[in-house]
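In the order they appear, the protein sequences are chains A and B.
Just so we're aligned: 304 in my numbering is position 304 of the first sequence, and the numbers increase by one with no gaps anywhere.
Just so we're aligned: 158 in my numbering is position 158 of the second sequence, and the numbers increase by one with no gaps anywhere.
Because the hints were derived from the structure by calculation, they are not lab data.
Hints may be right or wrong, so weigh each one.
[Claimed, not checked] Cβ-Cβ distance ranges computed for the label pairs, FRET-style: (1) A/A4 - B/L52: 54 to 64 Å; (2) B/W32 - A/A136: 27 to 37 Å; (3) A/A136 - B/L135: 16 to 26 Å; (4) B/R118 - A/E183: 24 to 34 Å; (5) A/E130 - B/G200: 49 to 59 Å; (6) A/G278 - B/L135: 46 to 56 Å; (7) B/S36 - A/T70: 18 to 28 Å; (8) A/L350 - B/R118: 48 to 58 Å; (9) A/A112 - B/Q117: 16 to 26 Å; (10) A/A136 - B/H35: 25 to 35 Å; (11) A/A112 - B/W32: 20 to 30 Å.
[Said to hold, decoys possible] Below, simulated SDA-like cross-link-like pairs (lysine to any residue); rule was C-alpha separation at most 20 Å, straight line: (12) A/K128 - A/R175; (13) A/K119 - A/E107; (14) A/K77 - B/F134; (15) A/K77 - B/S36; (16) B/K214 - B/W143; (17) A/K286 - A/R318; (18) A/K77 - B/S136; (19) A/K363 - A/G335; (20) A/K7 - A/P28; (21) A/K55 - B/V34; (22) A/K55 - B/K39; (23) A/K55 - B/R118; (24) A/K77 - B/H35; (25) A/K286 - A/Q361; (26) A/K77 - B/E121; (27) A/K55 - B/P119; (28) A/K76 - B/R131; (29) A/K176 - A/R369; (30) A/K77 - B/R131; (31) A/K176 - A/N274; (32) A/K77 - B/P130; (33) A/K286 - A/L303; (34) A/K7 - A/Q159; (35) A/K55 - B/E121; (36) A/K77 - B/D132; (37) A/K76 - B/P130; (38) A/K55 - B/P130; (39) A/K77 - B/P119; (40) A/K76 - B/E121.
Where is the CB? At the ideal position from N, CA and C, for every residue including glycine.
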Amino acid sequence: MRDAREKIDGAFNGQFDDFRLEAQFSVPASGVTGIYGPSGCGKTSLLRCLAGLVKCQGTLSFRGQIWQDTAQRILKKPHERRVGYVFQEPSLFPHLSVQQNLSFGLERARRANTAVSVKQEDVVNFLKVESLLARAPQDLSGGERQRVAIGRALLSQPQLLLLDEPLSALDDTARKEIMTCLEDISSRFALPVFYVSHDMREIERLADTLLLMDAGKVIGSGPLTVLQSDPALPLYHASDSAVTISGRVQRLDEHYHLAEVVIPGGTLTISGQNLSSGDNLRLSIKASDVSFVSEPAPATSILNCLPGRIVSVAPCQRDAGHVIVQVALGQAGDGARVLGRITRKSCDRLELQADKPVYAQIKSIAVMR
Amino acid sequence: MEDILTTIRLTLMLAFVSTFILLVVSTPIAWWLVHSRAKWKEVVAAIVALPLVLPPTVLGFYLLIALGPQGPGGWLAGLVGGRSMAFTFEGLVIGSVIYSLPFVVQPLRNAFAAIGQRPLEVAATLGASPRDAFLSVALPLAWPGFITGAVLGFAHTLGEFGVVLMIGGNIPGETRVISVAIYDYVENLQWREAHLLTAGMLLFSFLVIFTTMKLTQKTGRASW
Chain A
1 MRDAREKIDG AFNGQFDDFR LEAQFSVPAS GVTGIYGPSG CGKTSLLRCL
51 AGLVKCQGTL SFRGQIWQDT AQRILKKPHE RRVGYVFQEP SLFPHLSVQQ
101 NLSFGLERAR RANTAVSVKQ EDVVNFLKVE SLLARAPQDL SGGERQRVAI
151 GRALLSQPQL LLLDEPLSAL DDTARKEIMT CLEDISSRFA LPVFYVSHDM
201 REIERLADTL LLMDAGKVIG SGPLTVLQSD PALPLYHASD SAVTISGRVQ
251 RLDEHYHLAE VVIPGGTLTI SGQNLSSGDN LRLSIKASDV SFVSEPAPAT
301 SILNCLPGRI VSVAPCQRDA GHVIVQVALG QAGDGARVLG RITRKSCDRL
351 ELQADKPVYA QIKSIAVMR
Chain B
1 MEDILTTIRL TLMLAFVSTF ILLVVSTPIA WWLVHSRAKW KEVVAAIVAL
51 PLVLPPTVLG FYLLIALGPQ GPGGWLAGLV GGRSMAFTFE GLVIGSVIYS
101 LPFVVQPLRN AFAAIGQRPL EVAATLGASP RDAFLSVALP LAWPGFITGA
151 VLGFAHTLGE FGVVLMIGGN IPGETRVISV AIYDYVENLQ WREAHLLTAG
201 MLLFSFLVIF TTMKLTQKTG RASW
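Could you build the full structure based on these sequences and the hints that come with them?
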């Protein structure tokens, strides 16, 4: 069990206009925690409770500091919590220049004698907003505005950064640019980040930990991969279910333009485009791209065929004709988990069941980052 | 001519003092009307708006009683050795403020409402206390509303007639303002003086409105 000083623990209980929030969680106070769920499930309300922007009953502690304990009548105001909040819309102050927007939180942090660890020049370079400083928010594009909004939040010297679907109002180009920044933001500024999204692709790219929400409740929380491969949770049964795996490029094959990536329990061969040896990657493997054979096939175009051991076989909730098989890679079955969606008929024919050794054929692997 | 100048000076004085007090009083009322969740806030809004529909003589009548020797105004006057606040300059200021209140509260309320919660929430997450957020975000963003409110309050105070007549009467140098003076001049068939004052008011009003429109155009948002 982790020390409370390395965690964010919360239990919220509040009635909002159209639903009830009953959310309990305990996540590490480091890295990116994704908050994912269907729209209207209370993701934004949870984030607003974390920031103290709305009042609800319950408790919240951040690295051992009590931010809220309504039974003890403790409720820190938003400006006393030192949280950076980036809203869906950039919400820059229209009466201030870009520079003044950036300085808004910084000045107040200085006034409150907060140690300044995030410097203006770091943020300006990181988000590439140097050329915008003298402009007015009205003259910026949507993507530029959102970059300034992120910079403004970072410069307020937060202990926690909350991002509420910051990419949803942007076009694809702007989204890609900002995504690259967001990937590094947590490690670069040594800052725990909460990231709300209804887009699993974004979560797969960014999140280390996941809070899965539905109808105002947290229905699962933990490392992303664990939740993705839990048969009791909806991610496992989703039509685009997938698992995220971390790996490291070991060797590049110049001749075929391929890269060998070491993952827990095996080695994958993927396209070597834009990769170099030693890169740390985050890979995503869709359940629909994984099939199983009892013996390695002698001739196949599929490069990746890895031994593993079945962990679970569960009927697909959305489709009676299919089952989803969870396999732990490696001869001993102690490696990364992958999911494979196959027909129930194939499952019966291969007599797949828990603990049985199989080979997972992986047809395609996406490099998330 | 001396009369006219005294009247003009007194009227401007009344308008400036009233407008200043109106802005000070209306800001918290408008802010509260926008941000409070109290169920009875619409009751307060209706009371503030009452002078819009109330005949000035009705308002004037109640004010006369309130300011008179038997009312709270008389009691207040007693503190400084007076007998009544009716038929005094101070009484006129109180009457003007109450009468013009909706004309200042409404534009401010609109301006605060147009800002919405979001900029204040942003300010809070950036470490600004509610007071700080009000001063550094809400006030500058509501600026056009303040201009509009000030102009409407000022102009409305300049032009009030019924209430002034009821609680101020027509004492030169004390309570005799332009609108009452015009009426007097016409009644006494002093057309030259009446013309002078009315034409002056017309020109002045036009200039005020015109400048305000220019000002709020520049900042992009008028709130009327």
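Now for the hints, and whether the structure bears them out:
{"no.": "1", "hint": "A/A4 - B/L52: 54 to 64 Å", "verdict": "holds (59 Å)"}
{"no.": "2", "hint": "B/W32 - A/A136: 27 to 37 Å", "verdict": "holds (31 Å)"}
{"no.": "3", "hint": "A/A136 - B/L135: 16 to 26 Å", "verdict": "holds (21 Å)"}
{"no.": "4", "hint": "B/R118 - A/E183: 24 to 34 Å", "verdict": "holds (27 Å)"}
{"no.": "5", "hint": "A/E130 - B/G200: 49 to 59 Å", "verdict": "holds (56 Å)"}
{"no.": "6", "hint": "A/G278 - B/L135: 46 to 56 Å", "verdict": "holds (53 Å)"}
{"no.": "7", "hint": "B/S36 - A/T70: 18 to 28 Å", "verdict": "holds (22 Å)"}
{"no.": "8", "hint": "A/L350 - B/R118: 48 to 58 Å", "verdict": "holds (56 Å)"}
{"no.": "9", "hint": "A/A112 - B/Q117: 16 to 26 Å", "verdict": "holds (23 Å)"}
{"no.": "10", "hint": "A/A136 - B/H35: 25 to 35 Å", "verdict": "holds (27 Å)"}
{"no.": "11", "hint": "A/A112 - B/W32: 20 to 30 Å", "verdict": "holds (28 Å)"}
{"no.": "12", "hint": "A/K128 - A/R175", "verdict": "holds (14 Å)"}
{"no.": "13", "hint": "A/K119 - A/E107", "verdict": "holds (12 Å)"}
{"no.": "14", "hint": "A/K77 - B/F134", "verdict": "holds (15 Å)"}
{"no.": "15", "hint": "A/K77 - B/S36", "verdict": "holds (18 Å)"}
{"no.": "16", "hint": "B/K214 - B/W143", "verdict": "holds (14 Å)"}
{"no.": "17", "hint": "A/K286 - A/R318", "verdict": "holds (16 Å)"}
{"no.": "18", "hint": "A/K77 - B/S136", "verdict": "holds (18 Å)"}
{"no.": "19", "hint": "A/K363 - A/G335", "verdict": "holds (19 Å)"}
{"no.": "20", "hint": "A/K7 - A/P28", "verdict": "holds (4 Å)"}
{"no.": "21", "hint": "A/K55 - B/V34", "verdict": "holds (19 Å)"}
{"no.": "22", "hint": "A/K55 - B/K39", "verdict": "holds (19 Å)"}
{"no.": "23", "hint": "A/K55 - B/R118", "verdict": "holds (16 Å)"}
{"no.": "24", "hint": "A/K77 - B/H35", "verdict": "holds (17 Å)"}
{"no.": "25", "hint": "A/K286 - A/Q361", "verdict": "holds (12 Å)"}
{"no.": "26", "hint": "A/K77 - B/E121", "verdict": "holds (11 Å)"}
{"no.": "27", "hint": "A/K55 - B/P119", "verdict": "holds (18 Å)"}
{"no.": "28", "hint": "A/K76 - B/R131", "verdict": "holds (16 Å)"}
{"no.": "29", "hint": "A/K176 - A/R369", "verdict": "holds (12 Å)"}
{"no.": "30", "hint": "A/K77 - B/R131", "verdict": "holds (13 Å)"}
{"no.": "31", "hint": "A/K176 - A/N274", "verdict": "holds (16 Å)"}
{"no.": "32", "hint": "A/K77 - B/P130", "verdict": "holds (10 Å)"}
{"no.": "33", "hint": "A/K286 - A/L303", "verdict": "holds (16 Å)"}
{"no.": "34", "hint": "A/K7 - A/Q159", "verdict": "holds (12 Å)"}
{"no.": "35", "hint": "A/K55 - B/E121", "verdict": "holds (13 Å)"}
{"no.": "36", "hint": "A/K77 - B/D132", "verdict": "holds (14 Å)"}
{"no.": "37", "hint": "A/K76 - B/P130", "verdict": "holds (13 Å)"}
{"no.": "38", "hint": "A/K55 - B/P130", "verdict": "holds (16 Å)"}
{"no.": "39", "hint": "A/K77 - B/P119", "verdict": "holds (16 Å)"}
{"no.": "40", "hint": "A/K76 - B/E121", "verdict": "holds (14 Å)"}
Going down the numbered hints, you'll see the structure goes against none, and every one checks out.
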